[in-house]
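All letters in the sequence shown, in the order written, are residues 1 to 374 by the working numbering.
Hints are computed from structural coordinates only; laboratory data are not their basis.
All values derive from a computational prediction rather than experimental measurement.
Ideal Cβ positions, reconstructed from N, Cα and C, are used throughout, including at glycine.
Don't take each hint at face value.
Cut-off 20 angstroms, straight-line C-alpha distance, at most; resulting in silico cross-link-like pairs (DMTMM-like, lysine to aspartate or glutamate) [claimed, not checked]:
#, residue 1, residue 2
1, K184, D224
2, K132, D160
3, K288, D345
4, K101, E157
5, K373, D102
6, K121, D35
7, K288, D224
Label-pair distances were calculated between CB atoms; the ranges are [to be verified]:
#, residue 1, residue 2, range
8, F54, R4, 27 to 35 angstroms
9, S96, K120, 49 to 57 angstroms
10, P103, F178, 47 to 55 angstroms
11, L169, S96, 42 to 50 angstroms
12, E157, R358, 24 to 32 angstroms
13, D362, P68, 23 to 31 angstroms
14, H291, P68, 22 to 30 angstroms
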Amino acid sequence: MASRLGIFTNRFLFFANIITGIIFLLACFATPYLDPGRWWFISLLALAFPFLLFFMILFLLLWLFIKPKYSLISAVPLLLGFKSIGVFFAFHISHSFQPEKDPNSIRIVSWNVARFIELKKNNNKGSQMRVKMMDQIHEMNADILCLQEFQSSAHAEYYDNIDYIRRLLNYPYFYFSFDEDGAKQYYSSIIFSRYPIIDTGLLRYPLPTLPDVLIHADIKVGDDTIRVYTTHLQSLQFKKSDYDKISSIEKMEQDSFFTNSRTIVSKLKRGSVYRSIQARMVRDEVKKSTHPYLLCGDMNDVPNSYTYATVRGSLQDAFSKKGWGVGRTFSSLSSTLRIDYIFADNNFRIRQVNRLVRDLSDHYMLVADIELKK
Numbered sequence: 001m002a003s004r005l006g007i008f009t010n011r012f013l014f015f016a017n018i019i020t021g022i023i024f025l026l027a028c029f030a031t032p033y034l035d036p037g038r039w040w041f042i043s044l045l046a047l048a049f050p051f052l053l054f055f056m057i058l059f060l061l062l063w064l065f066i067k068p069k070y071s072l073i074s075a076v077p078l079l080l081g082f083k084s085i086g087v088f089f090a091f092h093i094s095h096s097f098q099p100e101k102d103p104n105s106i107r108i109v110s111w112n113v114a115r116f117i118e119l120k121k122n123n124n125k126g127s128q129m130r131v132k133m134m135d136q137i138h139e140m141n142a143d144i145l146c147l148q149e150f151q152s153s154a155h156a157e158y159y160d161n162i163d164y165i166r167r168l169l170n171y172p173y174f175y176f177s178f179d180e181d182g183a184k185q186y187y188s189s190i191i192f193s194r195y196p197i198i199d200t201g202l203l204r205y206p207l208p209t210l211p212d213v214l215i216h217a218d219i220k221v222g223d224d225t226i227r228v229y230t231t232h233l234q235s236l237q238f239k240k241s242d243y244d245k246i247s248s249i250e251k252m253e254q255d256s257f258f259t260n261s262r263t264i265v266s267k268l269k270r271g272s273v274y275r276s277i278q279a280r281m282v283r284d285e286v287k288k289s290t291h292p293y294l295l296c297g298d299m300n301d302v303p304n305s306y307t308y309a310t311v312r313g314s315l316q317d318a319f320s321k322k323g324w325g326v327g328r329t330f331s332s333l334s335s336t337l338r339i340d341y342i343f344a345d346n347n348f349r350i351r352q353v354n355r356l357v358r359d360l361s362d363h364y365m366l367v368a369d370i371e372l373k374k
């Protein structure tokens with residue numbers, strides 16, 4: 001009886017390993033390249049990649065103890081997918097971020113500030129989340145700020161965040177599209193700079209995607225001119241009710257499992273399709289740059305996705321280049337969600353990168369020191 005149980009267990013593990021390996025290879029070689037507009041169900045494998053990787057490693061270790069020759073079932077796919085693993089997990093030895101910036105470097109911040117949490121002026125000393133976020137920006141002492149989900153207002157009862165950052169944080173130059181989000185309320189992505197901005201431009205995404213844009217600023221740094229892009233791509237637009245549904249799915253509550261799953265999958269599909277359109281627009285637009293360029297933003301997609309592969313192309317990913325680990329940038333849902341990036345073309349050298357894990361916005365700030373090659 002024990003022998004039969006052992007045979008059954010080995011066969012089950014064998015076939016489960018093969019199936020997992022096939023799905024893992026699809027996530028490595030199909031997901032980054034198949035357009036979600038036609039293959040949206042394949043695109044969902046990008047979110048599953050960390051778990052597929054975990055099970056592949058687990059199978060590998062199990063077989064090494066049970067039947068070492070079967071470990072090849074995991075070892076071969078893992079070797080074939082090493083590039084995808086390298087995109088997901090940065091293997092560079094972690095060094096402490098040096099607050100003092102090298103004079104030859106440009107320090108750039110990219111942060112989804114979630115409208116600074118507090119829109120309306122208040123005297124709530126127990127909160128002051130906006131003040132804490134402004135203090136963090138001041139602390140980084142960056143040369144260039146790329147902020148997404150940025151909110152500012154010309155209404156007296158609301159915060160004029162543009163004026164605050166310009167005057168009190170010493171960023172005299174900025175570019176903002178001033179997309180109105182209500183009476184005298186403005187919401188979009190913005191670029192602030194301590195270097196002069198000599199030209200600007202924007203590209204609007206087609207409806208019905210979010211009212212956000214790809215903007216750029218040509219910035220004069222000494223005798224050189226660099227171009228900085230920033231954007232915010234289509235989010236899943238999860239509401240509190242959606243997070244409750246995800247919690248129900250995790251608890252396997254049968255009465256609502258299929259209904260909730262269908263709703264969540266529908267939003268995942270819509271988001272991936274819209275982002276694929278935007279990603280191709282970003283890729284085509286940045287290729288037009290006549291200057292060395294940086295691209296920062298909230299891409300709302302993970303490193304193994306079509307969005308990431310399309311937007312990044314041959315660009316350097318600052319975190320992959322100098323970071324360590326998964327590099328989570330979104331504080332909710334899963335600890336594997338790296339969806340915010342700083343990219344640089346090959347005219348730049350990445351000196352150091354930092355990720356500030358502080359519960360202020362629902363995103364973590366990214367900071368990189370980047371040097372323009374001479």
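Here is what the structure says about each hint:
no. : hint                            : verdict
1   : K184 x D224                     : violated, 37 angstroms
2   : K132 x D160                     : holds, 16 angstroms
3   : K288 x D345                     : holds, 13 angstroms
4   : K101 x E157                     : violated, 37 angstroms
5   : K373 x D102                     : holds, 14 angstroms
6   : K121 x D35                      : violated, 44 angstroms
7   : K288 x D224                     : holds, 18 angstroms
8   : F54 x R4: 27 to 35 angstroms    : holds, 30 angstroms
9   : S96 x K120: 49 to 57 angstroms  : violated, 38 angstroms
10  : P103 x F178: 47 to 55 angstroms : violated, 34 angstroms
11  : L169 x S96: 42 to 50 angstroms  : violated, 25 angstroms
12  : E157 x R358: 24 to 32 angstroms : holds, 28 angstroms
13  : D362 x P68: 23 to 31 angstroms  : violated, 45 angstroms
14  : H291 x P68: 22 to 30 angstroms  : violated, 55 angstroms
The structure does not agree with the numbered hints 1, 4, 6, 9, 10, 11, 13 and 14 stated previously, though it agrees with the rest.
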